Amino acid sequence: MTGISFARKLKDRLVFGLVCLAFIVAVAPLVSVLWMLVKNGMKRFDMNFFTHSMRNVGPLDNNGGAYHALLGTVEQVGIAAVIAIPIGLLTAVYLIEYGGNRRLGRVISFFVDVMTGVPSIVAGLFVLAFWVLGLGMGFSGFAGAMALSILMMPVVVRSAEEMLKLVPDELREASLALGVPKWRTIISVVLPTAFTGIITGIVLAIARVMGETAPLLLTVFGLDSINPNAFNGPQESLPLYIFQQAGMPNQPAIDRAWTAALALILIIMVLNLVARLLGWWRAPAKSR
Amino acid sequence: MAKRIEVSGLAAYYGKTRAIEDISMTIEPRQVTAFIGPSGCGKSTLLRTLNRMHELTPGARVEGKVLLDDDDLYGTDVDPVVVRRNIGMVFQRPNPFPTMSIFDNVAAGLKLNGVRRKAQLAEIVEKSLRGANLWNEVKDRLSRPGAGLSGGQQQRLCIARAIAVEPQVLLMDEPCSALDPISTLAIEDLIASLKGRYTIVIVTHNMQQAARVSDTTGFFNLAAQGQPGRLVEMDDTNKIFTNPAEKSTEDYITGRFG
Chain D
1 MTGISFARKL KDRLVFGLVC LAFIVAVAPL VSVLWMLVKN GMKRFDMNFF THSMRNVGPL
61 DNNGGAYHAL LGTVEQVGIA AVIAIPIGLL TAVYLIEYGG NRRLGRVISF FVDVMTGVPS
121 IVAGLFVLAF WVLGLGMGFS GFAGAMALSI LMMPVVVRSA EEMLKLVPDE LREASLALGV
181 PKWRTIISVV LPTAFTGIIT GIVLAIARVM GETAPLLLTV FGLDSINPNA FNGPQESLPL
241 YIFQQAGMPN QPAIDRAWTA ALALILIIMV LNLVARLLGW WRAPAKSR
Chain E
1 MAKRIEVSGL AAYYGKTRAI EDISMTIEPR QVTAFIGPSG CGKSTLLRTL NRMHELTPGA
61 RVEGKVLLDD DDLYGTDVDP VVVRRNIGMV FQRPNPFPTM SIFDNVAAGL KLNGVRRKAQ
121 LAEIVEKSLR GANLWNEVKD RLSRPGAGLS GGQQQRLCIA RAIAVEPQVL LMDEPCSALD
181 PISTLAIEDL IASLKGRYTI VIVTHNMQQA ARVSDTTGFF NLAAQGQPGR LVEMDDTNKI
241 FTNPAEKSTE DYITGRFG
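Just so you know, the protein sequences line up as chains D and E, in that order.
Just so you know, the first sequence maps onto residues 1 to 288 in the numbering used here.
Just so you know, the second sequence maps onto residues 1 to 258 in the numbering used here.
One chain only, chain D, in its complex shape (with noise of 0.2 Å):
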């Protein structure tokens, strides 16, 4: 036997190259984007700029905040992610372990991947026409959050059925042999055997939305003051602060855009770790 033939080394290193290479081009943004937002986004990380709002501040002014921004973003996707999350895992529930085959199975199946296609604008478009003209409750953080949940269910059924998917048949027969009743089977073997990857999916539906601007520009509006009652009343939020303040022809406002992009960012991040540290904490039994 000879040695690898020089053909194939030559190939290999080919390869091996390219997907080099594949990675680069594809880690390049992310890195100039990163780099980008923390470059300009600490010239105002400060303390003013996460206590403060808008109000009375001046078009020139050097100070001015975020503070009622972040307050609302957290309150829209709070109450987004308390509407979507029950909803979304007990559909996922329903099409692996109960109707995945029966006709509504089907139908519910059909119209999640019909959701998960909806632009966003169309969500806000219709809570705007249904809840904020149409029955009169006029803009709020509430409505936002409507519009948000309508994004995120789809996402957290489609994530939450690939994890319960993932769950092999025989602990579900295991459980079921020793004579424990398919819900606790579901609640006490299932749901935590895919936990890890079912909040994963969860926070990943999560960071999806906190980006999202047009729905919340049709139904939360915008607001410069802190309006912390999501229930009543324009808030705002940090996708729409960052849309608004970029938008100005002046450099304060252009600095401000950037530090509530940081901001995002790291609120992303951070809930990325939490659920991180729940998997961690929850992955296999450990000794306790």
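Where hints are given, some of them may not hold.
[Claimed, not checked] DEER-style ranges, computed between Cβ atoms:
#1 ASP113/D x TYR14/E: 48 to 58 Å
#2 ARG141/E x GLY279/D: 49 to 59 Å
#3 PHE16/D x ASN113/E: 51 to 61 Å
#4 ASP113/D x GLY59/E: 47 to 57 Å
#5 ASP215/E x ASP113/D: 26 to 36 Å
#6 LYS127/E x ASP12/D: 40 to 50 Å
[Stated by the list, open to error] Within a straight-line C-alpha distance of at most 30 Å, the following computed DSBU-like cross-link-like pairs (lysine-lysine) qualify:
#7 LYS118/E x LYS195/E
#8 LYS65/E x LYS127/E
#9 LYS65/E x LYS195/E
#10 LYS65/E x LYS182/D
#11 LYS127/E x LYS111/E
#12 LYS111/E x LYS165/D
#13 LYS239/E x LYS182/D
#14 LYS111/E x LYS3/E
#15 LYS195/E x LYS139/E
#16 LYS165/D x LYS65/E
#17 LYS3/E x LYS195/E
#18 LYS139/E x LYS118/E
#19 LYS111/E x LYS139/E
#20 LYS127/E x LYS139/E
#21 LYS165/D x LYS182/D
#22 LYS239/E x LYS111/E
#23 LYS16/E x LYS139/E
#24 LYS111/E x LYS16/E
#25 LYS247/E x LYS182/D
#26 LYS111/E x LYS182/D
#27 LYS65/E x LYS139/E
#28 LYS182/D x LYS127/E
#29 LYS111/E x LYS195/E
#30 LYS182/D x LYS3/E
Hints are computed from structural coordinates only; laboratory data are not their basis.
The structure presented is a predicted model; accordingly, all values stated were derived computationally and were not measured.
All C-beta atoms in this analysis are idealised placements derived from N, C-alpha and C, irrespective of residue type, glycine included.
Since the structure of chain D is already known, use the hints to place chain E on it.
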């Protein structure tokens, strides 16, 4: 504790396909009954009809009667969950719950059915692990994950889990087919020691194993390819392996099959 199973005129279907037909047999308590036969002849299907696991497969259904002592398992008002509580099952591949510790795995059947008292749980867990000949190997690491044990230990853990709920019957679907010879020996010893308290039914592809562990053996075969599986004969294990009544049984156990 241990109860007699009587099967009469049983047929099981997957959708429109009839997997087994015309099965009638009596499974005696405090004995080991082995099912042998070629792949696809319906041994496992029959086993799964005995604790109503068969119907969990979409489209699967059962005709005929299965009596546990005098209770019809397929009676209209019988809850399959209660049936499975009384008839435990051990599967081909060891399947401990990956999110649970060794202790919680054994206690799972009790906990999930509402037993909460710590002292009682600890007592039953120890008893079950001793019953499964696993106590000495795991007593110092009960809080470690069950999935961290070796394959043979995992299978004994699954047996401990099954006997912790004190079933009357223990069904074993090729419990040693994924194990090495030493673990297999451990499981076979275990089966022999459990025999006094339970009715045990074991499906196996290993004829030596059937000969070693069982008191009664049933031989299953297909009349022809694509036909449903049938019980060819069932008798004392000794008789089946030395002097079977049917020609096809003799062909199978002497390896002149097919």
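>> Of the numbered hints stated earlier in the document, which are not met by this structure?
In response: 1, 2, 4, 5, 6, 8, 13, 16, 22, 23, 24, 25, 27
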